[in-house]
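Chains as they are written, first to last, in the numbering used here: chain A, 695 to 1348; chain B, 12 to 103.
By construction, these hints were calculated from the structure, which means they are not laboratory data.
Quick caveat: nothing in here was measured; it's all calculated off a predicted structure.
Please note: incorrect hints may appear among the correct ones.
Negatives, chain A to chain B, calculated, CB over 12 Å [unchecked claim]: (1) K847; (2) N971; (3) G1033; (4) N1186; (5) V1200; (6) I1211; (7) K1279.
Computed list of lysine to aspartate or glutamate pairs in EDC-like fashion (alpha-carbon distance at most 16 Å, straight line) [to be verified]: (8) B/K35 / A/D922; (9) B/K52 / A/E1057; (10) A/K1024 / B/D74.
Here are the in silico distance ranges between beta carbons for each label pair [unchecked claim]: (11) B/M28 / A/W949: 49 to 55 Å; (12) A/W949 / B/Q93: 42 to 48 Å; (13) B/M28 / A/A832: 57 to 63 Å; (14) A/Q897 / B/M28: 20 to 26 Å; (15) B/G61 / A/E951: 55 to 61 Å; (16) A/A834 / B/M28: 40 to 46 Å; (17) A/V1114 / B/G61: 43 to 49 Å.
Using N, Cα and C, we set each Cβ at its ideal position, and we do this for glycine too.
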Amino acid sequence: MRSLIHIALIGNPNTGKTSLFNTLTGLNQHVGNYPGVTVDKKIGTSKLPNNFKAEIIDLPGTYSVHASSLDENVAVKILIDTESEYYPEVVVVVAEVENLKRNLLLFTQVQDFGFPTILVINMKDQMLKKGIQIDVDALARDLKTKVVLISSKTNEGISELKELLANYKKIQPAQSFKLNTNSVIKVASEKEQNHRDTVQRYQFINKILEKSYRVNRKEAKGLRAKLDAILMHKIWGYVIFFFILFNIFQALFSWSEYPMELIDSFFGTLSETVKNNFLPGVFTNLLAEGIIPGIGGIVIFIPQIAFLFLFLAILEETGYMSRVVFLMDKIMRKFGLSGKSVVPLISGTACAIPAIMATRNMESWKERLITILVTPFTTCAARLPVYAIIIGLVIPNDNGFLGMNNQALVLMLLYLLGFVTAIVAAYILNKVLKIKSNSHFVIEMPNYKLPLFKNIALHVLEKTKAFVFEAGKIILAISILLWVLASYGPGNDFKNATTIVTESNVNLEETTLNVKIASYKLEHSYIGTFGKLIEPAIQPLGYDWKMGIGLITSFAAREVFVGTLATIYSVGVDDEATLMEKMRKEVRADGVTPIFTFATGISLLLFYAFAMQCMSTIAIVKRETNGWKWPLIQLFGMTSFAYLVAFIAYQTLK
Amino acid sequence: MDLIENRYDLSLTRIDMNISDLQKGEKAIITSYDLDSIPLKLIEMGCIAGSVVELVQVAPLSDPLYLNINGTHLAIRKNIAQQILVEAVCGA
């Protein structure tokens, strides 16, 4: 006898399905991807009575088996594909006390697939407050199955459910609903068939619930109406939204500053330690200069990403996010976006990757595509280190406009520029793109509820992990590649660097000499050669070959620019002040004109604001749009626009 | 009684009213809709002929509309709301 039971959890969104999954599996869960699609697959294990073990799959929330989105499609596929390793032996349909009628539609549909199907009604703790009474026995009889009332909040009914799951063989597959096909009306299209099917199912459900479901409506309402009146007020609604947004940004930066510094210095020290204590050689260099800084470059974003996911999860769990979508929809539509574009655009200020993944719930392909295309314009965390060093270099640190610090003001303007560009680009794309797409916008307005700590924590953990591994793989690979290109070079100049530099600098002490050698090597490495190759193309923007290398390497991720410059100007990565000093002293070929003038600085800032300098984003856009067409259009569109703007800025200001 | 037939019952004697004509807080009964112009998802969420619909709130700029259909709270855009015809509830 097989002691591992495969269980599938399915249910409408907002039924607490994931809560139940978390309760059953705890930390014994992991997320993967379904082959071919990008929908997250959550699998966990749970111990059942009598030494049974369950492998539980948490399917994406869906309203019916007639999938209308990618997520929903996946849920249905699992129930059809008998070959799949996740094909369940028993299905648990998760419903919720308040919307039982709607939840039962999915239940009757799932039951038709021929599985033993258990109905779980969640949020038992809400019944008294909402004035709801359910006759579980009558319901179970009519639906020909077992029904369990649970509360994933108080853990009530969980052991009863586990008992049922262990003995799932006693539950016979059954069909409670029978379709009446004797209707006079001929149904032609698939949609009409589905429509007739749905209407009949609701008639059947209504009949059942008349007997077993009572609700005292007077006790219902209350909190929802009061909160809606304030949070969706035509003035206060927006004030509150922008207040929340402002505070999220504030917290995002001030809270993550400290851990980010710690991570930065940790990896710096680690790299030094490896270099000083390991046997010198290629492997040690690769480890100390390629792999460790590469991993550090990913880990440094964890605090910001985690805090962002934390805030978004809270907004989502409380039910507030749907209200924001409702408030913003009409305004966003003027720009070819949807109310549902708000979440991606906010997330984009941390990282475009999770932001683009957050567009999946949008029904209109055109609105979704535009959102994906413009999201990388928002100022992501990776731009910050680049902005910081250039602003520090070319913008005076004194008070200017309205007594604000000039450097802070420029940074703020760059954020604003990101948003405005995204919106304007969306407006243009909306006019240009000839895509026929319906605006079948439907969004559920869930009840307000206090978020459960356990759910939020697991959500943040899972999302952050996904980001680190998904984006991390690419960033790490590029870091290693760049290290190779920077550590080897063509011709004799690279090979004999030590001799050449030593001979022409006889009087230098050893440390300074080593720094000179490293710099000379980089200049004559593959990547340095390449930087010189593209110099003519970037000269009109005010850049030299050294910045050219930075532009190329930062294609992996924007923040790599700073590290590259540090290597080129031969200073330690941590030492920003020294780096800035060196950059300030850099001169052009004539030996007098400084390179980092105001004009060059502004040109660089604008280039980084607009250019698609991010491998990982391109990869994710390719996945989400199923092809190379859109990521390539995005890459060339954004980068040529960046080039143009930087060119104009430099030529006007120089 | 087959509710599906209501779809073809666009009686001319009655003034046709759709969901977007409702006042805030007003309730009505869904009578029919053009199946081709509304998403199946909406039907599956309970928007079928015979269901009671209440206009809970209208967003600033009068779009989208926040509805309560048979106890399900959802928001749809005006262009879809206009495709769903309703009949006033007596005494509501």
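Hint-by-hint comparison with the structure:
Here A/K847 stays apart from chain B, with its beta-carbon at least about 21 Å from theirs, past the 12 Å limit. Against the 12 Å criterion, A/N971 stays outside the reach of chain B, whose nearest CB is about 61 Å from its own CB. At roughly 7 Å, the least C-beta separation between A/G1033 and chain B is not larger than 12 Å, which violates its mark as non-interface. Listed as outside the interface, A/N1186 is consistent with that label: its C-beta sits roughly 68 Å from the nearest C-beta of chain B, beyond the 12 Å cut-off.
Listed as outside the interface, A/V1200 is consistent with that label: its C-beta sits roughly 76 Å from the nearest C-beta of chain B, beyond the 12 Å cut-off. Taking the minimum C-beta to C-beta distance to chain B, about 65 Å, the non-interface status of A/I1211 holds against the 12 Å cut. Distance check for A/K1279 against chain B: the nearest CB is about 55 Å away, which clears 12 Å, and the non-interface claim stands. Between the alpha carbons of B/K35 and A/D922 the distance comes to roughly 13 Å, so the proposed pair stays at or under 16 Å and holds.
In summary, the hint linking B/K52 to A/E1057 is supported, as the alpha carbons are separated by about 10 Å, within the 16 Å threshold. Restraint check: the Cα-Cα separation between A/K1024 and B/D74 comes to about 6 Å, which is no more than 16 Å; the hinted pair holds. Roughly 52 Å separates the CB atoms of B/M28 and A/W949, a value that falls within the hinted 49 to 55 Å. The hint said 42 to 48 Å for the Cβ distance between A/W949 and B/Q93, and at roughly 46 Å that hint holds.
The hinted range of 57 to 63 Å is not satisfied by B/M28 and A/A832, whose Cβ atoms lie roughly 38 Å apart. The supplied range of 20 to 26 Å is met by A/Q897 and B/M28, whose beta-carbon atoms lie about 24 Å from each other. The hinted window of 55 to 61 Å between B/G61 and A/E951 holds, with their beta carbons roughly 58 Å apart. Our hint of 40 to 46 Å for A/A834 and B/M28 holds, since their Cβ atoms are close to 41 Å apart.
Between A/V1114 and B/G61 the beta carbon distance is about 48 Å. The supplied range of 43 to 49 Å therefore holds.
Of the hints listed earlier, those the structure fails to meet are numbers 3 and 13, in rising order.
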